[in-house]
Amino acid sequence: MDDFFSGFAELFTQYDVLGAFWVNIQLTFWAALLSLFLGTVLALMRISPIASLQWAGTAYVTIFRNTPLTIILTFTYLVLFSQLGLSLSENLNTTFYWYAVLGLAVYHAAFVCEAIRSGVNTVPVGQAEAARAIGLSFLPAARMVILPQAFRGAIAPLGNTLIALLKNSTVAVAASVATETSSLMRTMIEFRPDLMVAIFLLFAVGFVILVIPIGLGTTWLSQRLAVKR
Amino acid sequence: MSSSVLFDAQGPRARTASAIGNVIAAVAVLAGLAWITSVLYEKGQFAPTLWQNAVSAEAWQFYYLPGLQNTLRSALFATVGAIAFGVIFGIGRLSHNRAVRSVSGVVVEFFRAVPVLLMMIFFYMFFSAQAQWISDRPFAAVVVALILYNGSVIAELVRAGVGNLPKGQGEAGLAIGLTRSQTLRSIQLPQALVAMLPAIVSQLVVVLKDSALGQIILYPELLRSAQILSSKEQNPLQALVVVAIVFIIINWLLTFAAHRLAKLLSSRTAGATVEGTGIGNPTAAGGFVGGGPGPTAT
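Residue numbers (our numbering), protein chains in the order written: chain A, 22 to 250; chain B, 17 to 314.
FYI, nobody ran anything at the bench for these hints, they're computed from the structure.
Since this is a predicted model, take the numbers as computed values, not measurements.
One should not assume that every hint holds.
What the hints assert, rightly or not - Partial pick of chain A residues on the chain B-facing surface, computed with a CB cut under 7 Å:
1) A77
2) T79
3) F85
4) P89
5) I92
6) S108
7) K188
8) V192
9) L223
10) A225
11) K249
What the hints assert, rightly or not - Label-pair distances were calculated between CB atoms; the ranges are:
12) A:R250 with B:W149: 54 to 64 Å
13) A:L246 with B:Q198: 36 to 46 Å
14) A:I84 with B:L81: 21 to 31 Å
15) B:P82 with A:A199: 22 to 32 Å
16) A:L222 with B:Q148: 17 to 27 Å
17) B:Q26 with A:P234: 40 to 50 Å
What the hints assert, rightly or not - Covered by chain B, according to a simulated footprint, are these stretches of chain A (three or more residues, beta-carbon under 8 Å):
18) 67 to 75
19) 94 to 103
20) 203 to 215
All residues carry an ideal CB built from backbone N, CA and C; glycine is no exception.
Full structure from sequences and hints, please.
Listed below in structure tokens is the structure:
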């Protein structure tokens, strides 16, 4: 048992485990911000009365929801960088990092859009009718009446999307981000195959610790902020 | 539906405004697409040979189809395994034995929270070091990781499915003298399984998408074969587009099937049929099935 714990201590001193988790958390943070923005715009497009916007929003969601994230992230690295030479920074690692953020955001925006749309569905039709009756047109009605309630109704699915995003940030390795957890775990197992199981548990438990509070938090929030009807 | 919440039949003024907006929006969307196209054109991505090599008969014969076969093979094994895992641990979570219930709960919550990729990499390296008798170790790693994650999601679906049944069903079982586990097995579970069938079909989308993670441990699935093709032909954009389209079509068909199934089965069970979300996250099942017992969102 002593060996087991000293093994853990050794791993922590030899490898920057917390740093790798921090990279995933940062990736998640930026991708979450970007996908929340993009997803809200897409949701607005899908619920708007303008047919071409509806069509574009639906096409976006259908395409990105059904494409594996691995393809999107491989695309950023192999195509945007290698083929098209779109460099975001002098520093290669920074470029790959922001590509990963972009890929994660583009993919999860489709799910954010659907989460918000499911929130819109919780708003009774009468509210929209009332909004129109007092003379609000589409955008003011959406902004002042529908969306504030829709976001409250969307907290649980948005939380699910956030958890998925956090876990999916490990796929950033497909966009050549070499400092995040899945890359580090692989390196650690390569050099310390004797501690293989301990290394896996270390990372797995790390994610459990990150994910469970998000789940509990968003459940609590969604119940607290639920519009009582 | 959502689109009708915000507006209803439009009058003449709103119709004109919508029509104008429609044209402007269409022009804006097309302009965006045209801009992307022009950038790609300048970079020479529309060179005919690049596309020809990406859709040629040889590309399909030697790269895409073998890759697709491997993708479908891993998805098939993973789905069968995940359903077995899910039913066992789903029943475990509903058990009246506290120990069984908590062990199942820990297993399910654990495997839902751990990224599938971490599991895949771990099992790949674990099998390589400890189980060299397994001949196809990348395949085994992909399948085991997918079973553990998707099995846990299905376990939650089982639990939520049973939770969504009318209470009277269980009470009736007890009233005619069945034990609680008999009631679960012979009355509640069959109905819950019917109700969750569409959600399982949706979950297949997740299995298929996640099988593309196998590329990272060099399992020769569809994405991996596209990469090999593109390093030979220097056409990653074209090869990835072809592969993405294949995935989109298969997954879209599955989503459509889940939708039809949900409609079809809604009259066959007392529980609510749900399509599931196909999102690939630990909480979608609990969160969306809704009304399931317990803290469904963790």
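Results for each hint:
no.: 1; hint: A77; verdict: holds, 5 Å
no.: 2; hint: T79; verdict: violated, 10 Å
no.: 3; hint: F85; verdict: violated, 9 Å
no.: 4; hint: P89; verdict: holds, 4 Å
no.: 5; hint: I92; verdict: holds, 5 Å
no.: 6; hint: S108; verdict: violated, 13 Å
no.: 7; hint: K188; verdict: holds, 4 Å
no.: 8; hint: V192; verdict: holds, 6 Å
no.: 9; hint: L223; verdict: violated, 10 Å
no.: 10; hint: A225; verdict: holds, 4 Å
no.: 11; hint: K249; verdict: violated, 17 Å
no.: 12; hint: A:R250 with B:W149: 54 to 64 Å; verdict: holds, 60 Å
no.: 13; hint: A:L246 with B:Q198: 36 to 46 Å; verdict: holds, 42 Å
no.: 14; hint: A:I84 with B:L81: 21 to 31 Å; verdict: holds, 23 Å
no.: 15; hint: B:P82 with A:A199: 22 to 32 Å; verdict: holds, 30 Å
no.: 16; hint: A:L222 with B:Q148: 17 to 27 Å; verdict: holds, 23 Å
no.: 17; hint: B:Q26 with A:P234: 40 to 50 Å; verdict: holds, 46 Å
no.: 18; hint: 67 to 75; verdict: holds (count 9)
no.: 19; hint: 94 to 103; verdict: holds (count 5)
no.: 20; hint: 203 to 215; verdict: holds (count 6)
Violation of the numbered hints given earlier is confined to hints 2, 3, 6, 9, 11; the remaining hints are satisfied by the structure.
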